[in-house]
Amino acid sequence: MNIGFRDKLTGLPKPVRILLWILLALFAYALPLLELPIISTPGVDFGGVLFTVTIYCLVALGLNIVVGYAGLLDLGYVGFYAIGAYTVGILTSFHANWPLLLAIPVAVVAAMISGVILGAPTLRVRGDYLAIVTLGFGEIIRLTAVNLEWLGDARGIKNIAKPPNIGDEKTGLFEIPHLLWGDGTVLVDTEHPTKFLVFGYIDQVPYYWMGLTAVIIVLIADILIKSSRVGRAWEATREDEDAAELMGVPTFKFKLLAFSTGAFVGGLAGALYASRQGFINPLSFLLLYSILFLAAVVVGGQGNRWGVLLGAILVAYLPQRFREFDDFRVLAFGAALVLLATLRPEGLIPPRRTVRAKQLEQELDELEQGTDEGEEAARV
Amino acid sequence: MSERILDVQSLTLKFGGLTALDDVSLHINEGEILGLIGPNGAGKTTCFNAITGVYGPTSGDILFQGKSIVGMKKHQITKQGIARTFQNIRLFPTMTALENVLVGADAQHSTGMLTALFRLPRHRREEKQGHDRAMELLRFMGIHRKADELAANLSYGDQRRLEIARAMATGPKLICLDEPAAGFNPAEKVELMDLIRKVRDQGFTVLLIEHDMRLVMGVTDRIVVLEFGRKIAEGSPSEIRDNPAVIAAYLGVDEEDAS
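Just so you know, the sequences run in chain order A and B. Be aware that the first sequence starts at 15, since it is given in the numbering used here, and climbs by one per residue. Be aware that the second sequence starts at 121, since it is given in the numbering used here, and climbs by one per residue.
You may find that some hints are simply not true.
[Stated by the list, open to error] Okay, the calculated beta carbon distance ranges per label pair:
{"id": "1", "chain 1": "B", "residue 1": "K248", "chain 2": "A", "residue 2": "I230", "range": "44 to 54 Å"}
{"id": "2", "chain 1": "B", "residue 1": "A302", "chain 2": "A", "residue 2": "E255", "range": "19 to 29 Å"}
{"id": "3", "chain 1": "B", "residue 1": "Q322", "chain 2": "A", "residue 2": "L33", "range": "41 to 51 Å"}
{"id": "4", "chain 1": "B", "residue 1": "G151", "chain 2": "A", "residue 2": "E255", "range": "25 to 35 Å"}
{"id": "5", "chain 1": "A", "residue 1": "V130", "chain 2": "B", "residue 2": "R334", "range": "17 to 27 Å"}
{"id": "6", "chain 1": "A", "residue 1": "L162", "chain 2": "B", "residue 2": "H251", "range": "27 to 37 Å"}
{"id": "7", "chain 1": "B", "residue 1": "H251", "chain 2": "A", "residue 2": "G181", "range": "32 to 42 Å"}
{"id": "8", "chain 1": "A", "residue 1": "I237", "chain 2": "B", "residue 2": "R334", "range": "47 to 57 Å"}
{"id": "9", "chain 1": "A", "residue 1": "T24", "chain 2": "B", "residue 2": "K248", "range": "16 to 26 Å"}
{"id": "10", "chain 1": "A", "residue 1": "G181", "chain 2": "B", "residue 2": "Q196", "range": "54 to 64 Å"}
{"id": "11", "chain 1": "B", "residue 1": "R244", "chain 2": "A", "residue 2": "L37", "range": "39 to 49 Å"}
In short, the hints are calculated from the structure, not lab data. Note that CB positions come from ideal geometry on N, CA and C, so glycine has one too.
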C-alpha cells in the first residue's frame, strides 16, 4: 500500500512533484487559518497546538538522526532541548539582554558542543549501555537547572524574548482573516485576523509559521545529508559497526557527528519553545519528554523521516485534540502503543528498505510452504 | 624478485594464557596470490585480524609498503590500502548492493557534513566517481543487475561476490579474502578461481585463506601453512603438496586426500 503510493509519487515528472510539495507546504502554512472543523482543537488554541506539533516534529527529526540513522539509542534527548531553551533564557532575559535572533545560534551551538562533550567519552559504549548513560545525562541537566541559582533553580526563567515583529505592532504588515465554520456554511471571520507577522501573547499562529519554517529547513537538510557519504556512513555504522570500520568508515567520528547533529536540532527546538513560552522551569524538561520524543520516533518508524514526522504529529496532536477525555489520555496512549507494537512493529511508516526486506522474507516463506501462489511465483 | 608489499615480522599474539600466533613471519610480494592454509584453529583468521588492525599484536611488527601499521586504527589501515572480506558474510543488510560498494568507495573520499549539505563541487565529484567505480566493480563481479537490490535479499553466492566488490572499492593494494569459497559448489568454486585470478590481473595483490585444497593449489603462487599458531611450511603449491610436515598436520596421512 505504502509502496504503491510512493512509486506513484516518484513516477510523476519532476515539475509536478515540486508543485505538489509546494501545495502541501502552502496547505500546512494555511492550516491554522482554515480552522477545519474536525481537525481543529476545541477548547485549546489551534495555533498553539500546531506550534507544539512543529516542535515535536523538529525533535523527532533530530532524534531520528541519532536513533534511526546512526542506531544510537538516546534516552536523554530532552537534555539538548533543555540546553537550547536555557541558553536562550539566560541570554535574552536572565543574565543579558540579547535579541532572540542572536541568542538562537548561540543556543544551537551550545547544544551541539554539549553533544560532543557527552558523546566523546560515552560513544565508546554501545546499545543498552549508551541508553543508560544518556538517560543519566538528561537527568543531570535537569537537576543542574533545579539546583543552580544561576539558572533560576526551581523557579525557572521569566520574560524570555519573543521573535522580532515584522511591520507595525498593531496591525503587522497586513492582516489575514481566519475562516469560520458554521452549520453547513463557511464564513470569513474578519473580527480576529492574524497579524503578519506580530509575535504577541494571544495569537499563536505566527509562532507556528516560525516552527513550520524551521521544520522545512531541517527536513531539506536531512534529505541532503542522508543521500551523501555521511548518510551512508551512518547507516553502515548502524548495520555493522566493525565491518564499517574495516571498510574505512571512521565510525567514532561519524557517531559523534550524528550525536552533535541531533543535539543541534534538539537545541533549536528548545530555543524556539522557550521563546514562544516566554517562561521555562525544570518541569518543562522531565524524563517523560525524552520518552515521548522517542515514542514519536519509534511509533512513526525510526529511520524514515516521513514516518517520524507522522509519529511526532500523533504524539503531540492527539492528546490536545481529545482533551475532553483528559483522565483517560495516558491510558489511551498506552493502549495505542501496545496495539501498534503488535500490528506494526516497525512503526507506522517503516523505512522502505525494511518493507522490501520483509516482503522478500514473506515470499520465501510462501515458497517454502509450497502454497499455490508460491509455486506460481517460483515459475515466474 | 618483486617488492614485498606486506611483511609480517615475528608476529606473536596472546589472549591471556592462549598463544594464538607464535612468532609467525611471512611476507607477500607485490602482484602475487598468497595462500594461507592450516587446520581449524591454526590462527589463519587471527593472522588476518592482526593485519587489518582488529587485534593488536603482543609482539612483532607488520610492515605495509615498508611502513609499520601496528597501532593504527582499522579504518586508517583500510585507507593505507588493505581491504578484507569476512569468513561469515558481514554486509550492511538493509543497504542496497550499490550502497554497500559505495561505502567501500567512500574510504578514499572526504566529503563531510557541510560539503554534502551545500552540495559543493567536491560532493558531486566524489559522488559521481564513487558511483562509476561501484557500478564498474559490480559489473566485474557480475552482479550489476542487482545493484538496487538490498544486500540481505541477494543469494548467498552474490553476497560473497558483493563482499569482494566492496573490499575492492576501498581502493586497496592488498586484498585479504577469508574463505571466499565457503559454501560454494564445485562449479562456483571454479568460477571463483577465475575471478581471483582476474582480481590479481587488475593489479591487486591477494592474500587468500582457504580450506579447499584444490582451490588453493590451483590459484595461488605461494602458500604459507600454519598449525597451532606456528608457521610450519612455506613454498610453491607443489612444494607444499610434497612437504611431509604439511601432509601430517593438515592434509592427513592419506595421500589421496592430498592430491
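Hints versus structure:
no.: 1; hint: B/K248 x A/I230: 44 to 54 Å; verdict: 28 Å, violated
no.: 2; hint: B/A302 x A/E255: 19 to 29 Å; verdict: 23 Å, holds
no.: 3; hint: B/Q322 x A/L33: 41 to 51 Å; verdict: 48 Å, holds
no.: 4; hint: B/G151 x A/E255: 25 to 35 Å; verdict: 33 Å, holds
no.: 5; hint: A/V130 x B/R334: 17 to 27 Å; verdict: 54 Å, violated
no.: 6; hint: A/L162 x B/H251: 27 to 37 Å; verdict: 52 Å, violated
no.: 7; hint: B/H251 x A/G181: 32 to 42 Å; verdict: 49 Å, violated
no.: 8; hint: A/I237 x B/R334: 47 to 57 Å; verdict: 51 Å, holds
no.: 9; hint: A/T24 x B/K248: 16 to 26 Å; verdict: 21 Å, holds
no.: 10; hint: A/G181 x B/Q196: 54 to 64 Å; verdict: 56 Å, holds
no.: 11; hint: B/R244 x A/L37: 39 to 49 Å; verdict: 29 Å, violated
Consistency note: the structure conflicts with the earlier hints numbered 1, 5, 6, 7, 11.
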